[in-house]
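First to last, the protein sequences are chains A and L. For the first sequence, the residue numbers in our numbering are 1 to 381. For the second sequence, the residue numbers in our numbering are 382 to 762.
The hints are simulated quantities; they were obtained by calculation from the structure and are not laboratory data. Computed from a predicted structure; not experimentally measured. Don't take each hint at face value.
[As the list claims (entries may be wrong)] Facing chain L, according to a computed beta carbon distance under 7 angstroms, are these residues of chain A, among others: (1) Leu-7; (2) Glu-11; (3) Pro-63; (4) Ser-67; (5) Asp-126; (6) Ile-266; (7) Gly-267; (8) Leu-276; (9) Asp-278; (10) Ser-285; (11) Arg-286; (12) Asp-287; (13) Ala-353; (14) Ala-372; (15) Pro-376.
Backbone N, C-alpha and C define an ideal beta-carbon position, used for all residues, glycine too.
Protein chains: 2
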Amino acid sequence: MTAATPLTGIETPALLLDLATFDRNVARLRRHLDALGVSFRPHVKTAKSIDLARRLFPDGTGPITVSTLAEAEYFADGGITDITYAVGLAPEKIARARALVARGVSLGVLIDSIEQAHALADAAADGAAMPGVLIEIDCDGHRGGLLPHDATIVAIADRLRAGGVALLGVLTHAGESYNARGGVGLPEMAEAERAAAVAAAGLLRDAGHACPVVSVGSTPTAHFARDLTGVTEVRAGVFMFFDLVMRGIGVCTLDDIAVSVLATVIGHRADKGWILTDAGWMAMSRDRGTQKHPVDQGYGLVCAMDGTPFPDLIVGDASQEHGILTVRPGSGATLPDLPVGSRVRILPNHACATSAQHDRYHVLDDGGTRVAAILPRIRGW
Amino acid sequence: MTAATPLTGIETPALLLDLATFDRNVARLRRHLDALGVSFRPHVKTAKSIDLARRLFPDGTGPITVSTLAEAEYFADGGITDITYAVGLAPEKIARARALVARGVSLGVLIDSIEQAHALADAAADGAAMPGVLIEIDCDGHRGGLLPHDATIVAIADRLRAGGVALLGVLTHAGESYNARGGVGLPEMAEAERAAAVAAAGLLRDAGHACPVVSVGSTPTAHFARDLTGVTEVRAGVFMFFDLVMRGIGVCTLDDIAVSVLATVIGHRADKGWILTDAGWMAMSRDRGTQKHPVDQGYGLVCAMDGTPFPDLIVGDASQEHGILTVRPGSGATLPDLPVGSRVRILPNHACATSAQHDRYHVLDDGGTRVAAILPRIRGW
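Based on the provided sequences and hints, a complete structural model is requested.
Next comes the structure, spelled out in structure tokens:
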């Protein structure tokens, strides 16, 4: 296909991206973080696209956050030089991380145990360049990390110093913010995230470690933070696309969702109130992130081609290459008239998961009816 | 990496494939279908690998079933010449289907509406070659298709004949068999699937249509069918790998599962009873297919490197690149000692969904400790 192909002319299912909405989402969070006086290190695991990273950073060098070393390598290939790999480092990955440093990348890696500090210090014994290290802090019991007053934090820093490995600072992620609904409690979660990171940084400084970086972030807390005193940078990823989960959490509206899946109607079951499409879970992902929300969106919310949601029409069920559109139970809405061959746009529960099912973005033109460009995505590890 | 790399030396997460188990699974179903006197048309949406398709068919030409036209084109590129595309045909895909026929592929496409028959007949007016057509029959209310006695079946056949498009026959899929547990009811579901397809074929023949193909299949019903009189071929896909869902349904044992995800331990939360790995939902998929089973396997069942499951150790939760291993609630099992850097193998809920998260298989050698080969997979549409 060529650029400027009409949406009616591309193969389905296909991942659509509205760059005007993307830009608006990015500008909104930048404005908020600028006002709070902190720098911004977007998490590009959501985008996995060098073109979108360059749109985030007109000078093209970062800083960014990544979730895999494959992402780090890909974005470094594209000229990004300031990268934090924000998943706990497996010792076997040290050599690959060092290869990035040897290429000139300013790389930060994440650890939360003495074992990992030993492994890094042991590796550093050869005298070649090492990545800098962030110590993961747990602010809400969500995942990994050390509690902010755990003496292990200083023990790790001491071990790194003894081994000649640079400590960059501390990093935390308020993952429990994904369990908020309608914005309730998010300012408090943002403050707890800030307080945990700042406390851990204080512990390190009291023990004689500089701790220049105090990194926090999740999309919900980044938007609801009111004061980030002591924090140096904020990370967030899904904010750039937003999705139905973020809408349920209270961070965005439906109009803020920048990605959708284009699907074609392939059949009907009038007896069951079903419309079948060619966008199953392979196109939407298996993510059911709104399952426990007050508004369960199934596998996605169905919109007309102009992006307007049909009343209460969701992807009620999905198999590998079939989506079943149904009216949300109890809503009283009626099925729209969508003959075989009609096309719809489906908003995803989770933009990271849905986008990961696709190899490329179909970027919409200003009118939203044609494909202005194709942007590749990467995957794998 | 080179072939015969030890499993301890490859990057994680990684998709492992045990070909001996694959071969055993294939031989088991072939034997059963041979005894029932029907031919076998495996669904390669599970494998998405020409190497595995060639293993299924030593002569390399099929017959196979696919779920996308991209699969059809890929397998045709690899020499497969007999392909059924078993998802309802969007009219916009007719040209792409015809291009396969023009290349010499014997292609069957699936429809269940007069609108689709019109679209095919209209396309055929130019006189160039068309795919053959299968009419989708609903045997259990699971998805698309016409009820076996619906007069639309004959109307579609008449419309195709008037338009000069070849009718191959009827096709049904007992998707509700995925809701069985422990094998209960599966012989009856297999009989209902057979009966629906045979009844629809009878309707067509009574109306003067030949209906040479009577195609049925799902992995559960394929294994539990006791009599397939009137059926000409059986389709099944996930059987070649099997998975925890199939184990819960009662079609296989844990020993029959041919794919697993290799993961590395990256941290611990002793206070919470958690072991963290680098295999999150990006590596496992978001599939929670055992969520409503008597034995909920979380995002996967965790095994030692020799493939032996740890007692009741599951991936209790997952984020994009983190898996949280926990002991199954109420089991009384204890967490194994798995230091940072240890490796585990995780059995998936749904082999199709988990495999789709990976670009390649790491094929185990006979001892199960080294990678004997890398086989690429395809994706997309």
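Which numbered hints fail: 1, 3, 5, 14, 15
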